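J.: This is what each chain is made of:
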Amino acid sequence: MKNQQKQALYGYLYIAPSLILISIFSLIPILMTLYFSFTDYNIIQAPTFTGLKNYIRMLGDPFVVSSMKNTFIFTLFVVPTQTILSMVIASVLAHKFQNKLGGFIKSSLFIPVISSTILVGTLWSFLLATDTGIINTFLALIGLDKVNWLGTKFTSLLSVCLVSIWKNVGYFLVIFYAGIMEIPKMLYESGQVDGANKYQQFWYITMPMLKPITFLVVTLGTIWSFQIFDLVYVMTGGGPGRSTITLVMTIYNTAFKEFSMGYASTISLLLLVFIVIISSIQKLLFKDNY
Amino acid sequence: MNKNTRKISLNYMILVTLLMLIALFAITPFAYMLITSLRQTSSLDLDIQFNALDFTNYSRVVKNFNLLTNFKNSLIVTVCSCLLNAIIASMAAYGFAKKNFPGNKFLFNIYLITLMIPGQVTLIPVFTIMRKLNMLNTYPALIIPILNAFGVFLIKQFMESLPDELLEAARIDGCSEFRIFYLIVIPIIKPVLVSLTVFTFITSWNDFIWPLVIATDSKMHTLTLAISTLKGSYSTNYGLVMAGSTIAFLPPFILYIFLQKQFIEGIAMSGIKG
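Chains R and B, in that order, are what the protein sequence lines are.
Note that the first sequence covers residues 0 to 289 in numbering that gives the first Met the number 0.
Note that the second sequence covers residues 0 to 273 in numbering that gives the first Met the number 0.
Since the hints were made in silico from the structure, they are not lab data.
Keep in mind it's a predicted model, so treat the numbers as computed, not measured.
Some hints here could point you the wrong way.
[Stated by the list, open to error] Stretches of chain B that chain R covers, calculated by requiring three or more beta carbons in the stretch to come under 8 Å of a beta carbon on chain R: (1) 24 to 37; (2) 84 to 92; (3) 107 to 114; (4) 144 to 153; (5) 194 to 208; (6) 236 to 242; (7) 249 to 262.
[To be verified] Cβ-Cβ distance ranges computed for the label pairs, FRET-style: (8) R:N98 / B:E159: 31 to 41 Å; (9) R:Y34 / B:L14: 51 to 61 Å; (10) B:F105 / R:Q4: 17 to 27 Å; (11) R:N252 / B:S232: 15 to 25 Å.
Note that beta-carbon positions come from the ideal geometry of N, C-alpha and C, so glycine has one too.
Required output: the full structure, derived from the provided sequences and hints.
T.: Below, the structure is given as C-alpha cells:
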C-alpha cells in the first residue's frame, strides 16, 4: 500500500514540469483566447467586455471573407495535387526502385521539407521575379511572355499553391512510402497470379490498402492549408490586394499591427473551430489506425 | 534481346528520366541559391561567370548585418529546446506510462487534446503572458513555447513496450527511482529520443511566427527571422540575401546528410501523431 502511494507521488513528480508548461502555455491560453474574443483589448489597457461585437464584426469583415475564400481555393487545389503526386511517386519508388536511385530521389525530395518555409519562399520569389527571374527567362526561351507571377491576383495565389506543393510532396511521399511497405507482398503476388497488370494492382490493391494513410495525408494537408502564414508573408505579404491573404495573416495583422487583440482572438477561435472539425472527422473515421 | 524486354527497358528508362527530372526540380533551386550567393550581380540571369564567384556576399552579410548574432540566437534556441524537450517529455512520458496515480488517464487525454490546438490560436495569450512576465526579447520566451505535448505522446507510445518486470527487478535490487529512470529507461528509449530531437531541431530552427512576435529587438532575431528581414529590405540584392539564406540552410542540411534515416523518421512521425 505504502509503495503504491510512493509510486503515485513519483508519477506526479515526473509529469510536473511538463504539466506546468502545458498548463501555462497551452491550456490557460485557450481559455484566455476564448475570454479575449468577447472583449476589446489593445494590450495596454485591460480588456473590456463587449459581448458578441467581435463575432458580428467578423461575419462582415472583408479580410476574413477573403481569407476563407483563399483558403478554400488553396485547399481544393493543393491537397488533391500533393496527395496524388506523392502517392504515385511513392508507389513507383516502392515497387520499382528499392535501390540507390530510389533512395536518392526520396532524399532529394526531402530537402525542401527540412528547409524553412521562409527560406523556400525567399528562394522562389527570386526565381519567380518578373524581370530577372529564372522562370520568366525559361518562358522567354520557348517564346512566351513575361508573367508578373507575384504581382497579379490569379498568378500570386497560384504561385503560393505551387511552391507549397513543391515543399510538401517529399513529406507526404515518405508517409505513403512507409505505408506501401507495410502492405503484405502476398496481395501483389496473388494479384499477379490472377493476371492483374501494374495499373490494376495500383488501383485494386495499393489504393484501397492506403485508405487510412490517404485520409491522414488529406487531413494533414487541409490543416496545413488553414494554417498557412510564413509562405504568404515572405512571398506576397497577402497581396496584391487581398488575393493571398490567409486567416493566420489576418490574425497577425489584426493583433500585432492594429493591436486589436480581442478581435484577433475571435478570428483565432474561428481557425481553431475549423481545425478541430477537420481532425475530429479523421479521428472518428479511423479511430483504430492512427 | 527480344522485343518484349526492349519495350520494358524503354519504359524503365522513361521512368528513370522522369524521376530524375523530379529530383532535379527539387534540388536545382538550392544549387541556384548557392551559386547566386557567390555572385556580385543584381540580376538573376543564367550567364554565370564561374571565375568571378567569390565570398564577398558572405563577409558583407556577416559584417554589416550581424548575421553571426542571429546564428548564435538560433543555435542557443535550438539546442536548448532540443535538450529541454527531450528531458521534460521523457520524464512525463515515463510518469504517464509506468506510474499509477489518480488522474493519469484524464490528464493524458487533455494532453492529446492540446495536440490539436495549433500555436497560432494561442499566439495572442502566450504573447500577453510573456509580456506580463517581462520576458519579451529573452531566450526563454523563444524556447519555451516550442515544447509541447507531442514529445510526451511519442515517447509514451514507445515506452509501452518497456517491460514492467525490468523496472520492478531494479527496484527490488534497491535501485533508486532516479537511477532507474536514468540508467534503465533513458538508454532504452534512445532511438525515439533521437527522432524527437531531430523533429524539435527542425521545428525550432525553422520557426517563424513566434520569433516574429516575441523578438521585437533585432539583436534577438533568429536566423530564419533575419532572412525574412533581409529579403524585405534588400530584395534586389540577390547575392546578399542568398548568402544569408545559404547560412540558414546549411546547419539542418549538414545534419540531414549525416542522419538521413533519423530525419525522415522523426519528421514523418510528427504527422502520425494523435
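J.: To test your reading of the hints: which numbers does this structure violate?
T.: none
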